[in-house]
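J.: Make a model of the complete structure from these sequences and hints.
Same order as they appear, the protein sequences are chains A and W.
The opening residue of the first sequence carries number 1 in the numbering used here; numbering runs sequentially from there.
The opening residue of the second sequence carries number 246 in the numbering used here; numbering runs sequentially from there.
One should not assume that every hint holds.
Not close to chain W: a few residues of chain A, all C-beta gaps over 12 Å, as computed [unchecked claim]:
{"id": "1", "residue": "R12"}
{"id": "2", "residue": "G25"}
{"id": "3", "residue": "Y31"}
{"id": "4", "residue": "I35"}
{"id": "5", "residue": "V47"}
{"id": "6", "residue": "L63"}
{"id": "7", "residue": "E66"}
{"id": "8", "residue": "P68"}
{"id": "9", "residue": "T90"}
{"id": "10", "residue": "N126"}
{"id": "11", "residue": "Y130"}
{"id": "12", "residue": "Q171"}
{"id": "13", "residue": "L215"}
{"id": "14", "residue": "F231"}
{"id": "15", "residue": "L244"}
Straight-line distance between alpha carbons at most 25 Å, and here's what the computed SDA-like set of lysine to any residue pairs gives [stated by the list, open to error]:
{"id": "16", "chain 1": "W", "residue 1": "K290", "chain 2": "W", "residue 2": "A319"}
{"id": "17", "chain 1": "A", "residue 1": "K29", "chain 2": "W", "residue 2": "K290"}
{"id": "18", "chain 1": "A", "residue 1": "K121", "chain 2": "W", "residue 2": "L348"}
{"id": "19", "chain 1": "W", "residue 1": "K356", "chain 2": "A", "residue 2": "Q30"}
{"id": "20", "chain 1": "W", "residue 1": "K452", "chain 2": "W", "residue 2": "V430"}
Calculated from the structure, these hints are not laboratory results.
A virtual CB, placed ideally from N, CA and C, is assigned to each residue, including glycine.
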Amino acid sequence: MNLFEHVGRYSRLMAGVFTKPQRWGILWKQYKAEIEKQGLQSILITVIISIFIGSAITMQMVLNTENPMLPKYVTGLTTRETLLLEFSSTILCLILAGKVGSNIASEIGTMRITEQIDALKIMGVNAENYLILPKILGFVSIVPVLVIFSMFFGLLGGYIIATTGVISPSQYVMGIQYAFNPYYVTYSIIKSLFFAFIIASISSYYGYYAYGGALEVGKASTNAVVKSSIFILLFNVILTDLLLV
Amino acid sequence: MIEVRNVTKSFGDLTVLHNISALFEAGKTNLIIGQSGSGKTVLMKSVIGIHQVDEGQILYDGRDIAKMTKKEVAILRREVGMLFQGSALFDSMTVEENVRFPLEMFSDKSKEEWDERVNFCLNRVGLSHAAKLFPSEISGGMQKRAAIARAIVLEPTYLFCDEPNSGLDPKTSLTIDQLIHEITVENNITTIVNTHDMNSVMEIGDKVIFIHKGYKGWEGDKDSIFESGNQDLEDLVFASNLYKKVKKYHNLK
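T.: See below:
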């Protein structure tokens, strides 16, 4: 299957997804379930990764800013900028593409190969809308929360390292407050909304068109993660150019 | 009643169904039988509307499915129940939630009426005790019964069953067959069963249509199947040792 066929099939799928739901109540129920499944169950991994990456970045910044010409608070400042601009949106979403993307693709793929999607269609249910719309809406809604969590815990990780003596905690705190541009948070959140849509829609696409058996579901899951990651990286460049440069 | 008129279906250069005509009557279990690859699944999927036929007509009580608007097809879908080969129950829902699902999607009745209907359907298939269990927690036979309950919850006019006995032991198969037949007669449903299980044919075959290499090979009922005079059908019917012995015992030609 060539690129144009994928684009056509993906567009047709999305046209089916973004239609009026048959029952708003059911959409609301599923939306809440997706927020819990994709969002709340991703908080722990987000917190753990952010603390450790925040700590590592701080240590690296201490080494890279070891210059008497540079004020000590530069360590905190550069840690903050790295976390806000790139880690808490792009890198976090790449990690979530692995967790959430593979989950979505395998869930929908399994429904496909066990005829559950056919059952929905024969009942007269718009399967695309019923299955995929809550996942996209749920993930797009919860990702900004995860990004904010990641920023906070990333900076906290840096602070924890600062308390061990590699840098003065007060200088670190001064650095993370110095010349703070709130737009960077907005920029990061806007990027994450795009990335969340990419992860949820591409993973749903690969799951929805998985045919065969367990092997195909595995392939769909792998494709979902790989393709989502590629598009996240591509859109990272495009959005940075549009929003920041 | 569903009428299939001169239906032809191809996939690329391969013609899978050749000019098939058949009448599936209400209140009867209509069986489509044939060897694997004969085209019986394609015929059933064409009747349901999953495949678009190249030539011919499919009429649901006189309504041509090809001429229906999207809205009319959506309404027709609510008159259709389907039992899938693998049951196709939703993993994330309990048995009760699976049965309730079509009501939640399409019924405007009150929740009390939903509960009443769900309980009735679960009772009818003998699964009241398993209502709160998930599909993974029940046996294959129970899954089939749960799928039947889901298929009949909206009181369908048409019921399709794709290999309802696959993967089941003979005793459970018999229970499922009888259940399908009883529900068909009780509710005057037009039921189409796709099978190659000869026990099902002999148990519930009010009407049997034999498909061979994409052509309709024979049409009749379970009582006349042993005297069909169709060699291809006999090869299918007497494929097992059991039926060879039956043939020998009855001294059939």
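J.: Regarding the pair A/K29 and W/K290, is the alpha-carbon distance no greater than 25 Å?
T.: violated (32 Å)
J.: Keeping to a limit of 25 Å between CA atoms, is the pair of W/K290 and W/A319 held or broken?
T.: holds (16 Å)
J.: Taking C-beta pairs only, is A/F231 more than 12 Å away from all of chain W?
T.: For A/F231, whose nearest Cβ neighbour in chain W is about 28 Å away, the distance exceeds 12 Å, so it holds.
J.: Please verify that the nearest CB of chain W lies beyond 12 Å from A/I35's CB.
T.: Since the minimum Cβ distance to chain W is about 15 Å, A/I35 lies beyond 12 Å and the statement holds.
J.: Need the status of pair W/K356, A/Q30: alpha-carbon distance at most 25 Å?
T.: holds (19 Å)
J.: If we take the beta carbon of A/Q171, is the closest beta carbon in chain W still more than 12 Å away?
T.: holds (51 Å)
J.: Regarding the assertion that A/G25 does not contact chain W, is the least Cβ-Cβ distance greater than 12 Å?
T.: violated (8 Å)
J.: Would A/R12 pass as off the interface with chain W, using Cβ distances and a cut of 12 Å?
T.: For A/R12, whose nearest Cβ neighbour in chain W is about 15 Å away, the distance exceeds 12 Å, so it holds.
J.: Hey, is A/L215 genuinely clear of chain W, shortest beta carbon separation above 12 Å?
T.: holds (17 Å)
J.: Check the non-interface label on A/L63: least C-beta distance to chain W beyond 12 Å or not.
T.: Nearest chain W Cβ is 49 Å from A/L63, so the label holds.
J.: Run the C-beta distances from A/T90 to all of chain W and say if the shortest one exceeds 12 Å.
T.: Per Cβ check, A/T90 is outside 12 Å of chain W; nearest 31 Å; holds.
J.: Does the alpha-carbon distance linking W/K452 and W/V430 stay inside the 25 Å limit?
T.: Satisfied, since the Cα-Cα distance of roughly 13 Å is no more than 25 Å.
Figure legend: structure checked against the earlier numbered hints; hints not met, in rising order: 2, 10, 11 and 17.
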